[in-house]
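J.: Could you build all of it, start to finish, from the sequences and the hints given here?
Listed in order, the protein sequences are those of chains A, R and L.
Here the first sequence is numbered in our numbering, starting from 7 and rising by one per residue.
Here the second sequence is numbered in our numbering, starting from 7 and rising by one per residue.
Here the third sequence is numbered in our numbering, starting from 7 and rising by one per residue.
Check the hints yourself; a few may be wrong.
The list treats identical chains as one, so a pair stands whether inside a single copy or across any two.
Stated by the list, open to error - Each computed BS3-like pair below joins lysine-lysine, with the alpha-carbon atoms no more than 30 Å apart: (1) 248 / 55; (2) 102 / 200; (3) 248 / 171; (4) 248 / 32; (5) 102 / 117.
The set of hints was computed from the structure by calculation and includes no laboratory data.
Each chain, letter by letter, is given below.
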Amino acid sequence: METKTLGELAEYVGGKVTGDANTVIKSASTLNRAGQGDISFLANPRYVKQLHTTKAGAVIVDKARDDVKVPQLIADDPYYAFMQIMVLLHGHREHKKIGVSTHASIADTAKVGTDCDIHDYAVIMDNAVIGNNCRIYPNAYIGEGVQMGDNCIIYSNAVLYDGCKLGNRVIVNANATVGEDGFGYASYKGVHHKIPQTGVVVLEDDVEIGAGCGIERGTLGDTVIGQGTKIGDMVAIGHGTKIGAHCLLVAQVGVAGSTTIGNHCVIGGQVGIVGHINIGNNVMIGAQAGVINDIPDNKIVLGAPAIEARQAKRAYSMIQNLPEMRQNIRNLTVDVEKLCKMLGVENEATEKQTKK
Amino acid sequence: METKTLGELAEYVGGKVTGDANTVIKSASTLNRAGQGDISFLANPRYVKQLHTTKAGAVIVDKARDDVKVPQLIADDPYYAFMQIMVLLHGHREHKKIGVSTHASIADTAKVGTDCDIHDYAVIMDNAVIGNNCRIYPNAYIGEGVQMGDNCIIYSNAVLYDGCKLGNRVIVNANATVGEDGFGYASYKGVHHKIPQTGVVVLEDDVEIGAGCGIERGTLGDTVIGQGTKIGDMVAIGHGTKIGAHCLLVAQVGVAGSTTIGNHCVIGGQVGIVGHINIGNNVMIGAQAGVINDIPDNKIVLGAPAIEARQAKRAYSMIQNLPEMRQNIRNLTVDVEKLCKMLGVENEATEKQTKK
Amino acid sequence: METKTLGELAEYVGGKVTGDANTVIKSASTLNRAGQGDISFLANPRYVKQLHTTKAGAVIVDKARDDVKVPQLIADDPYYAFMQIMVLLHGHREHKKIGVSTHASIADTAKVGTDCDIHDYAVIMDNAVIGNNCRIYPNAYIGEGVQMGDNCIIYSNAVLYDGCKLGNRVIVNANATVGEDGFGYASYKGVHHKIPQTGVVVLEDDVEIGAGCGIERGTLGDTVIGQGTKIGDMVAIGHGTKIGAHCLLVAQVGVAGSTTIGNHCVIGGQVGIVGHINIGNNVMIGAQAGVINDIPDNKIVLGAPAIEARQAKRAYSMIQNLPEMRQNIRNLTVDVEKLCKMLGVENEATEKQTKK
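T.: Structure follows, in structure tokens:
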């Protein structure tokens, strides 16, 4: 762990200091837990009050605030600056250099690059190709003919089925499955016949796959996760689906097969997306939404069925008013019937109708 | 990979050819990616336009179309014919014949049938019985006393807890768990006491379990997945639940304990079904539905709470109209109050009510 | 398996017998499957009719019933009594005493307590500390520096990432993942940069984690699962979230990061809870609910968005009436327009509005 002054950190992230630039910073912490030697940050306005009570050594903010007593590091994007400082002070997980274990199972025809760590009981099947500087954790399974670039990390018990292709710097977390057969059956006279799934899964550079995910291989083409896309835990991706670059899919999302998703999309937790549709670029989908139609570029949607977000927020929050609305309609109907009868007007809305 | 003429394929699937029956077919592909030597198919009307632009060597369709330029294979059920041709041309995954690895852990009291492949670091515990011609992939775990029929495939890191029973031709995908304890606790004075789960899981013939699933064992009886039922990725089945034959459960479905589901049901992705209910035969449940009551045979339901599908489609899509409906009610109330006051009628619906 | 008389069982659970106290009981079963020698119970009123047809040797009930023909064991809390009897008659899973396998991989710097079973191909990394009387099943992975108390059970293929801390009597089911990196990225100019996740996961005493779960480690603090909390299969817990003591989280729940949940909460299947909120003590959340706001103590909520349960049951079940309500509004509008026109009153609600 490194120790830096606030001034050094500001220089590192291209920010400015308000207060004592010689403040010593050893680590990062949240506003309410930080103490002397810790730097904290404000990225979510929900926590703005904690700026005034924090005991942090310094805070990263987007603009200097007179009412904050601790030294401030002013950065255009405080969360990005925080990330940079986290990497500088704490670094990413260090992987023990163990080389290739004699208790790993590596097929004679497999190729393993230089500087790889292949742990005990990891299995690499025939004709698999592992790039340089990869970490394959215990009990991970690399299927026949898998191709993996450089600097990949495959955590324990992750499974890559035969033929899958990984770019560079791909991370697959524990117990994730990549390339299992797509859920494809032809149902004939009530019996479901398995269709061979001839595609593979392609994980492009810098993809991260969460723990316990399942990314199905395609039936006729490949399932593709685009460059830099990050996928949370227990996400299910259907066969032949293509997800663009730099998307975020939060935990427990399900995307059915043969759907196309553009670049820079953010998909909230537990969202479900049907198969065979097209979702554009820069689309945001709120948690638990159910998406059943194409979505054009730059839309924000939520709800099940998903609709434009501003409308959805009002509409879905109004479900709780339904009993009251229904009562109002009944009251109106009584009144209108009375009025119509009094005036001899034939009326359409009747109490009978509203009660059926 | 086999090569066939279109005529041979038509004969194989019991169909007819329109166009050149000598067209050589090497593989199958989608309409928009297929080229010379590929056969494609139309099963989803969404793709009918692609019939006119496809560069496929031939297409499988349900009736001859004059406006399609490439040779056609006419089949009663194009998707079933496509499946048959996929199996013929591509075949299912080939499993390397490796026999029983000396790096597998097989208890002395376990029995392994003939022609099995037991891979490195697979574990077979005491008194387990494995049928003939089974494939147990690396790091799979077969618990004590598990009984498995013939021709089963257990992929890497799948776990079968003690005592589970598998029929013939059962497939369990990677990282799936079968037979873990049911989520059963007796809560007493605020503390949850674990109840022994004495049942097991029974997977009948031809069942396929998706990657990352969890199929709980029963508390007092068995959890049963009926013959030919196919379960997608990350599906959770509760303790003591019984699912009939030839069902399809798409990814991320959750079925709570002690529920009974009939035969030939299709349950969409992310559906949740409560415990202790009965679902009939031939029931279809739309994606993300929430099922809280019994469903009789042959029903199609969707929505949360789930209702009959035709009604649900109209009703759930009308949630987006709630703000407008509420405004209309308010406007009506203003009008009706005015009318009532003018005519000296006592009115039930008042602006005051609708605003509360 | 033990054999007891009904009288002995009544004494054991502090209950009373109505009928023959010498009835011999060998095991427990459900009302409709129980036969001679079986004891059954009534805890769910749904099954009250089966009391009259059961062939059980005896039944556990909360009060003596004249119309029940079989001997009765009267207990204040029949389900708790049933649990006690299940443990007495059947016991929990017995774990074969195998000691430390020579085919396990245990780092020289790891410490393993007394009376532990460490199975084949289990992996224990550097500086991990395992308490006494723990069972580590095949292919489980215990990361560097993990600390585990006494009497823990880690099932096959479960993965504990580096540094996680487990109390006593913790159970982690197969294929569960504990301590993977939180889903934390700083997005800058469209690219997602991974933030080091410096917290760990703490599982306090008596926690049980279901099969296929993913419990993320925290970014800056720890993710904590409180004492006695039981988590079902495939539950996703976000980074830095703190769940109190004695909660139940049913299968497929998702809780985003930095959320706090109190003690004694019950969270139904497939519930989604957003990040950065506070949920009080004794809160109950119905299956599939979507929770986006703080919930105070003792509330029962359901629906998406979640609202107070009594209101939610009425409101959500009324969605199916939306088409009818809309038609009623249209009819009312026609009537009111007619009335207004007749009386020369300017009207607010117009047919034109309701159709837009």
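J.: Compare the structure with each hint and give your call.
T.: Each hint tested on the structure:
Taking CA atoms no more than 30 Å apart as the test, residue 248 paired with residue 55 passes between copies only; the shortest distance there is 21 Å, against 42 Å inside one copy. Within a single copy, residue 102 and residue 200 get their C-alpha atoms only as close as 43 Å, which misses the 30 Å cut-off; across copies the closest is 20 Å, which meets it. Within a single copy, residue 248 and residue 171 get their C-alpha atoms as close as 14 Å, which meets the 30 Å cut-off; across copies the closest is 37 Å, which misses it. In this assembly of identical chains, residue 248 and residue 32 lie within 30 Å of each other by CA distance solely across copies; the values are 25 Å between and 42 Å within a copy.
For the homomeric pair residue 102 and residue 117, the shortest alpha-carbon distances inside one copy (21 Å) and between copies (18 Å) are both at most 30 Å.
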